[in-house]
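The listed protein sequences derive, respectively, from chains A, B and C. The first sequence stops at residue 563 when you use this note's numbering, and every number in between is there. The second sequence stops at residue 1531 when you use this note's numbering, and every number in between is there. The third sequence stops at residue 418 when you use this note's numbering, and every number in between is there.
Just so you know, these hints were derived from the structure itself, not from any lab. Among the clues, some could well be false.
[Claimed, not checked] Below, simulated DSBU-like cross-link-like pairs (lysine-lysine); rule was C-alpha separation at most 35 Å, straight line: (1) C:334 to B:1422; (2) B:1448 to C:231; (3) C:158 to C:120; (4) C:231 to B:1334; (5) C:170 to C:120; (6) C:161 to B:1422; (7) C:231 to B:1422; (8) C:334 to C:231; (9) B:1448 to C:120; (10) B:1422 to B:1448; (11) C:158 to B:1245; (12) B:1289 to B:1302; (13) C:170 to C:231; (14) C:120 to B:1334; (15) B:1289 to B:1279; (16) B:1448 to C:161; (17) B:1302 to B:1287; (18) C:120 to B:1422.
As a plain string of letters, each chain reads:
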Amino acid sequence: MARRNREIGKAGWGYTAITSVVGFIYFFPVFWIILTAFKTRTDALATPPKLFFTPTLDNFTSVFYRASITTGTSQATDMGLYFFNSIFIAGTSVGLALIVGTLAAYAFSRYPLRGNDTYLFIILTTRMMPPIVVIIPIFLMFRLSGLAGSYWGIILLYTAFNIPFSVWLVKSFFDELNPEIEDAARMDGATEGRVFFRFCIPQILAGLSATFVFGLILTWNEFLFALLLTGVETRTVPVAMARTLGGEVGVDYGLLAAIVTLFLIPIFFVTFLLQNQLLRGVTFGTVKK
Amino acid sequence: MADAAHHRGGFGAWLLDPKRRGALLVTPAIAILFVMNIFPLMWSFGLSFFNYKASSLKVPKFKGLDNYHDVLTDEKVWERFQTTAIIVSASVVLQLIIGFLLALMFAKAFPMRRIVLMLVLTPMMLSFVSVGVFFKLFYEPTFGIVSFVINLFTEERFVLLGSPEGAIAGIVIADAWMWSPFVMLLVLAGLVSVPKYLYEAAEIDRASAWRRFWTITFPYIKSLLLLAVLFRTIETFKLFDIVYIITEGGPGSTTETIAVYLYRTAFQFFKTSQSSALAYIVLFIVIVLTNLYLYAVNRRAEEID
Amino acid sequence: MTIELRQLTKRFGTLTAVDAIDLNVGDGEVLCLLGPSGCGKTTTLRMIAGLELASEGDVLLGGTKVNNRTARERNVAMSFQFYALYPSLTVAENLAFPLHGEKLDKAEIARRVAKISETLQLGGILNRTPGQLAEGEKQRVAVGRSIIRDPSCFLFDEPLSRLDVQLREEMRGEIKLVLQDLSKPTVIVTHDQLEALTMADRIAVMRDGRIEQVDTPHNVFQRPANLFVAGFIGTPQMNLLPATLTGSNGTTADFAMTGGQTMTIEVDPRVSELSPGAKVTLGIRPRNLEISREPIEGGISTTIDIVEPMGAETLAHLNDGHHDLRLVTDWRVPLAEGDRVHTRFPPGATHIFTEDEQVLRTP
């Protein structure tokens, strides 16, 4: 029975179909890359482009192993190391930034000091600043101190890079808590440490994990710092990708697509899980709802 | 109770005084930011008054404001600012239009909304490098999908990145594709903040769709639209990775944004002092824009209360 | 013009919010839908407006079925609980808003706005935006916006719930005056019985999606149809005491109360339909109890538990060892906590409810 659906703000499966088409068109570039990752070299370069083909996992294997020309046996590429670097560097620096940032965020939220706004402004500005502006002196600093190409250097830099973001985002979560609960705990004799760890932190745990994951994505995707400050041993995936693109013997698009696809997987999960926090995350906590 | 700390005395007690607790908690963050951001910036501020080149061992000479004078009178710099301005305005306008339309589409509740929404949100979460790689591949003249589609209509070989206009369009499309979902999110936030009863009242008052939009919807999203414009302007102003991957500034230097130009001056020509001066000019612009942005944020916060 | 609801039903999933209600509102009549929150009164109103679709049953406006018409096609006027004033428009623009769909010329619109602002004394605030208005002013504008057009009926959703007590009293009178001039069928949703009793021509008391009683304010109060209405209408609440009928003689009946005391009360003659031993609930309003220091014929003896002075009157809680009886008397009557008093239910003041919670009363 075709009954007119007039309830404001609600739509049915027909609407889902329309939006899915639009959504798919929007998603098409990503979809196309994923398809390319499963194509053989010939299929990937075919004109007209092939929509139907026999999928292969060759590109994925050759991300990590390639046949040695001399011996014919397969040999590990450095890509495994680069994936490890990306995870290790991002994980450590975001973790550090979260700890330091949470303390500062708590202070900004609970102990309004004179000049707080100025500090918050400076902190946000360091985040809004083009990385290229800071990188010039940092490059010199790292060269002089020998931090260039080391894990410590890039981790420290990424920690600094993530602090502003953590401070603003975590502060936005602290601001939403009801301070009366904390006051009640203080009246009952809880120490400041106890108030912080037992009452505040547990309440914003979801927000902290969201902050952590957002930081991971930002760091995981970062390119310019990594390009200039990592060495052969500490190179991250985005840099490796850019280098593959500028490869000497023509670009292997299937291989590149496979790297990109692998690099995408965590992003999908995160986007899905964090949908409700996405707005706050991408605006550094300046816009909540 | 508070006096107990004073009686114990000593540095520890002084440090842990409740009056200093806020400052104490902020210190580690400020310290790291100082070492990794503020100190380097002060250093490069100093350098911007010398003629230092990171590639040479010559002792730098003090040049006063010469670097600033050189940068500001350099035709090339103005060209780069112009290119950046064109890319920023084209991309932000495109993001606004697409993001706005997407938001209108997703403002309704419908089955599987979360999953469909994810398709649209993904681009924003990708790395610039990935997006650059995507579009570089699509624009490839022989087997890229964009060229293929164009070739269905015309026989001519289509090299999008071959002309300055085409290259700029290529960059703008990639950037707008990536960031329209951001605008969509902000507009959506505005749309859902409109109380439902206002739409019901408009229904009762028999308002036309046009009138309903301008009297109810638009007032609720205009502050968020302003935020979106400012935020995206700041971010696009920094555009580096996509340009670096897709066109490397070419053809010629027609797509060289200010960020790419800075990178070249600093790390390919090693004009360290000159690039520091330019970096400071860029920084100044960003600080002004950030101030505007925070002003808009605070104004919206007041509106909501 | 009339409003008629036939077997109107609304289900949200498995929950039945409105359960097959029938209701008529005549031309110029003001009907209040009164009930506790969640009883389905607002849903009913929204179904009349066309903002909510009926799951079953019909809505008729002026004798025409409008089930499939949208709100805009039904031509109703409605004032919302949160006023729903357009925040970006001034008061004058808000008032004129419903007229834009009517294809009126500017002079006519201005004339009508001027007329409404005179009726509701909005002259001084016409150029302000809703954010700059006090609650009472917002309320006036909302009412003004709903009456500026010439609709088929008027609907009000909790019109006074956001005002403070004093304003509420003032606005009650004002709205009543305005409604009298309109002579259109009007439905007001409220949970405040005082509001319903003062403004309505008839009240429909609702509970759990059903209408328990539709009657004039006087009858809903004086002649409640069942236990729910008896308990819901009136403050302080009616005393409702379980009792067993032990015998009756015409209009006089004997009841055994829990705890062993007995009462002899003059009640409705239909009490003879009950056989001795029947379980009943006796209802009496706190203002109707008679008390005395000396034992009364047919009464019971009680102790005063709590005395709450309410100004002109005093509320006292009497306890017979098993029941709490609320008593309201003139403030001059000396009552002290711990005093023993005797009370009886005077002739004609007692309502008898049978085990199925319906009243036993000669029509």
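Here is what the structure says about each hint:
no., hint, in the structure
1, C:334 to B:1422, "50 Å, violated"
2, B:1448 to C:231, "40 Å, violated"
3, C:158 to C:120, "26 Å, holds"
4, C:231 to B:1334, "39 Å, violated"
5, C:170 to C:120, "33 Å, holds"
6, C:161 to B:1422, "29 Å, holds"
7, C:231 to B:1422, "28 Å, holds"
8, C:334 to C:231, "43 Å, violated"
9, B:1448 to C:120, "41 Å, violated"
10, B:1422 to B:1448, "18 Å, holds"
11, C:158 to B:1245, "67 Å, violated"
12, B:1289 to B:1302, "21 Å, holds"
13, C:170 to C:231, "18 Å, holds"
14, C:120 to B:1334, "29 Å, holds"
15, B:1289 to B:1279, "13 Å, holds"
16, B:1448 to C:161, "29 Å, holds"
17, B:1302 to B:1287, "24 Å, holds"
18, C:120 to B:1422, "27 Å, holds"
Violated hints, in rising order: 1, 2, 4, 8, 9, 11; the structure is consistent with all others.
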